[in-house]
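As you go down the protein sequences, you meet chains C and D in turn.
The first sequence begins at 1 in my numbering and counts up by one.
The second sequence begins at 1 in my numbering and counts up by one.
In case anyone wonders, no lab produced these hints; they're calculated from the structure.
Among the hints, erroneous ones may be present.
Listed below are the simulated DSBU-like cross-link pairs for lysine-lysine, each with C-alpha atoms no more than 30 Å apart in a straight line [stated by the list, open to error]: (1) K137(D) x K120(D); (2) K36(C) x K161(D); (3) K36(C) x K120(D); (4) K159(D) x K36(C); (5) K290(C) x K229(C); (6) K260(C) x K218(C); (7) K159(D) x K125(D); (8) K218(C) x K187(C); (9) K149(D) x K164(D).
Values in this document were obtained by computation on a predicted structure and should not be read as measured data.
Now for the letters of each chain:
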Amino acid sequence: MSGNAALGEAAILSGCMCYFGYPITPQNELTEYMAKRMTELGRVFIQSESEIAAINMVLGASVAGARAMTSSSSPGMSLKQEGISYLAADELPAVVVDMVRGGPGMGNISPAQSDYLQATRGGGHGDYKTIVLAPGSVQELTEVIPLAFDLADQYRNPVVILGDGMLGQMMEPVDFDNIVPPKAYPKDYILTGAKGRPSRMVRSLLFDTKEEEEHNWKLVRKYQRMEQKEVRYETFLIDDAEMVVVAYGIGARIAKGAIKRLRRENMKVGMVRPITAWPFPAAILQELAKTVHEFFVFEMSAGQMIEDVKLALAGKGHIHFYGRPGGVIPTPVELYRIIGRHYYTATRRKQQ
Amino acid sequence: MMTRTIFSGFGGQGVLSMGFTLANAAMLEGKYVTYLPSYGVEVRGGTANCTVVVSDEEIASPVASEPEFVVAMNQPSFNRFQNILSSGGLICVNASLVNTDAARSDIEVLSIPTSELAEKLGTIKVANMIMLGALIKGSSIISFDAMIKNLAELLGEGKAKLIKLNKEALEMGFNYVKE
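Use the sequences and the hints to build the structure in full.
Next up, the structure:
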């Protein structure tokens, strides 16, 4: 199944009742899949007139209590940022999928990782955060989608799936056995008509500065809870590593191929793969920095996640970087050569 | 073991479905597999290609910069992809359309007159399946017998009446290639 179709099926099995989307390559297969399946199931599918309309339809569905999702790719995600900011301010759950393509501007339609900062820093205006999940395979998509819907409901916050064009286009074997029917979350904030109960209000306009400040601190406390509880990552061969690669999504997958080659030549290289790009797995890097001096950041961008690695290491260790922006997909062999050279010079420096 | 194959040709020659069928057959054999269609500003009648990686272990990248096998259904595809084939690799060529005089000396060329063979079966539409049969014989990426056994599942629902024709086409390509 293609990543886009697997994502759609995972969302449906996770109880997604409403999907709103506006076409953009390379995530069109998701919209296509939802158009067919959602209508078959009698759920809501709307191809909106724009990305901005789609994200605001998600807001409307969410405030009415439905599990709602929208998806786009880089240029479309820029348009959705206003709506995501409102979702965060209103504390509404939503799942927003970004199949990243080359940028900036219209860019191209090749896979890229150049929207990391937009996704992990909130992206829109105001002090807010979204949980950002970055799966690395089609199978993992089926694991993070139910998680995304649950986290969104649990924290009442938008969750962003940070994929890339390749993850969406690529077909791999996939099973959905891990997805269980969704839990029921208390929906004591939704607008269902106030008959027989006091009226509720969902709004982000708070003219009173003290009220707005208190709302901000409330959000901050929520983000702190996420940072404490929701960090997810995968490690690969870090026990004896002298160099640790940090990469995510499809980049981590290419890096894993490179590391397997390096290991065959006895180069002790391991990897930390953030599954949550936000909250970033800083603690594991701090822990590793006690024994490892060399860190290697690889991204299909000019260097965005490297900022989080620098913040996590807080001056410890030495950070190497290799990036390919613009939608270029480096091969495992290319990465093997680059990491190998950095490893070699680093260990030789150490010996001197 | 890992094998990377690029299928290429005109849009409409069944290039993507060749790759998709191989990928599914490998999946039913329990292998790790990725299928990546080319996704550019392609048009009908233009060129199309896809990459299939089949492996016994986890696959790092679905992209093949140096594939072991290439299927070229038309001349532009042959010219383009023979250059990235790994040394000693095999290129299966649609001899009905492609001139292989300019082939590299360090690769193996398997010429299959797919159009002529397909006409014997009464329809040009199965030219791609003939080619796929020939590729499997030449490459041993997957087991041919297992693939034939799983053909009904591979073609999907609603294609039951086409099983016989596709089976004949695959066998014709497979048997055309001598050991």
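Checked against the structure, which of the hints given earlier come out wrong?
Hint check: 3, 6 fail, others pass.
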